[in-house]
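All chains, full assembly: derive it from the sequences and hints.
Protein chains in written order, with the working numbering: chain D, 1 to 236; chain Y, 1 to 111.
None of these hints come from the bench; they were simulated from the model. Treat the hints loosely; a few may be bogus.
Covered stretches of chain D (chain Y as the covering partner; in silico rule of three or more C-beta atoms under 8 angstroms from a C-beta of chain Y) [what the hints assert, rightly or not]:
1) 33-39
2) 55-65
3) 86-97
Nothing here was measured: the structure is a model prediction, and the numbers come from that model. In this text, a Cβ means the ideal position worked out from N, Cα and C, and glycines have one as well.
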Amino acid sequence: MENQYKKMEALKYAFPKTLPIMAGYLVLGAAFGILMRVNGFGIFWALLWSVFVYAGSLQYLGITFFTALVNPWYALFMSVMLNARHLFYGLSMVDQLKDAGRFRPYLIFSMTDETFSVLCSEQVPDHLSRNWVYFFIAALDQLYWVFGTLAGAIAGTMIQFDTAGMDFALTALFTVIFIDQWKSRKDHRPACIGVISSVLCVMLFGKDVFIVPAMVVIISVITIGYWKTKDKEERI
Amino acid sequence: MSYNIISYALITLAMILATVLTRFLPFLFFPAGKKTPKYVIYLGNTLPYATIGLLVVYCLRGVSFTAHPYGLPEVLSIAVIAVLHIWKGNSLLSIGGGTALYMVLIQTFFK
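In structure tokens form, the structure reads like this:
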């Protein structure tokens with residue numbers, strides 16, 4: 001009984017946190033489902049991907065893998081490159097997910113851009129079960145994504161209104177999180193490093209391959225910052 | 001036909017493998033039982049902030065500021081999102097308002 005109550009409280013707390021993602025995932029998931037359908041790949045593949053691949057931008061790229069019937073090794077390489085940013089999320093969450101116990105594998109698997117962006121700045125109140133809150137946020141997000149995919153794959157081309165620009169919801173979501181993070185922290189250097197390195201790498205390397213160089217620059221600059229603060233501590 | 005299905009299955013497998021690999025690798029290096037190194041804790045306190053910056057740029061990577069419409073729909077919409085969010089602090093309002101504005105802009109004024 002008490003456990004049931006604990007779960008309900010966690011769900012009640014987690015659900016509103018996922019609302020912005022619900023909007024984004026239903027739209028992007030449906031768009032993905034529609035694209036799969038339009039390219040001639042049925043509900044089966046669309047659902048399989050949304051459950052087991054569960055990586056938005058990779059699934060969009062994957063459609064081109066299917067249409068071009070690429071070599072699986074090429075698909076693997078491209079997928080790792082595109083997903084490389086998830087290494088960052090993992091590194092950021094190693095400590096935070098330390099006590100996640102049996103939830104850990106699923107939380108690690110379901111750490112998409114959006115779920116990460118909510119969890120990384122989430123301060124669960126002490127009276128709630130942290131693990132259940134994390135789990136509900138992650139699971140609700142995937143539910144929206146799978147449901148969106150299913151709806152899109154079924155509805156196909158039945159949608160009447162012009163959906164152009166709807167995917168901007170994702171940009172809006174990240175912008176809002178960026179502002180929240182900016183307000184919650186005095187030291188703005190990490191945020192600035194992220195933006196400036198990425199913009200420079202887009203200009204230098206082009207929009208298609210900038211992610212990995214940008215990650216290298218970001219982690220280098222942050223590591224230099226770490227060594228500097230460490231030196232200071234040791235001097236004190 | 002059957003050849004295609006095998007290819008589809010292998011490609012799908014590659015995609016699943018890539019996701020699992022990139023998501024689990026950091027946790028294999030730093031297992032739960034061990035004390036997390038100071039450096040990794042430091043990364044956990046700084047990297048998320050830099051990564052969200054990276055993601056915003058990632059979303060805008062295709063925007064051209066040198067050709068029509070010079071990134072105006074994106075810049076205007078993000079400005080409105082920022083003002084709304086700093087003013088009201090309501091995520092749904094900021095995201096909904098910003099996305100709706102963007103859709104109107106690219107479907108009418110910047111067609």
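How the hints compare with the structure:
As drawn, the segment 33-39 of chain D meets chain Y at 0 residues by the rule of a beta-carbon pair under 8 angstroms; below three, the given contact is violated. Closer than 8 angstroms: that is the beta-carbon criterion, and the segment 55-65 of chain D has 5 residues meeting it against chain Y, so the requirement of 3 holds. For a cut-off of 8 angstroms, the count of residues in the segment 86-97 of chain D with a CB near a CB of chain Y stands at 12, and the three-residue condition holds.
Checked against the numbered hints given earlier, the structure breaks only hint 1 and satisfies all the rest.
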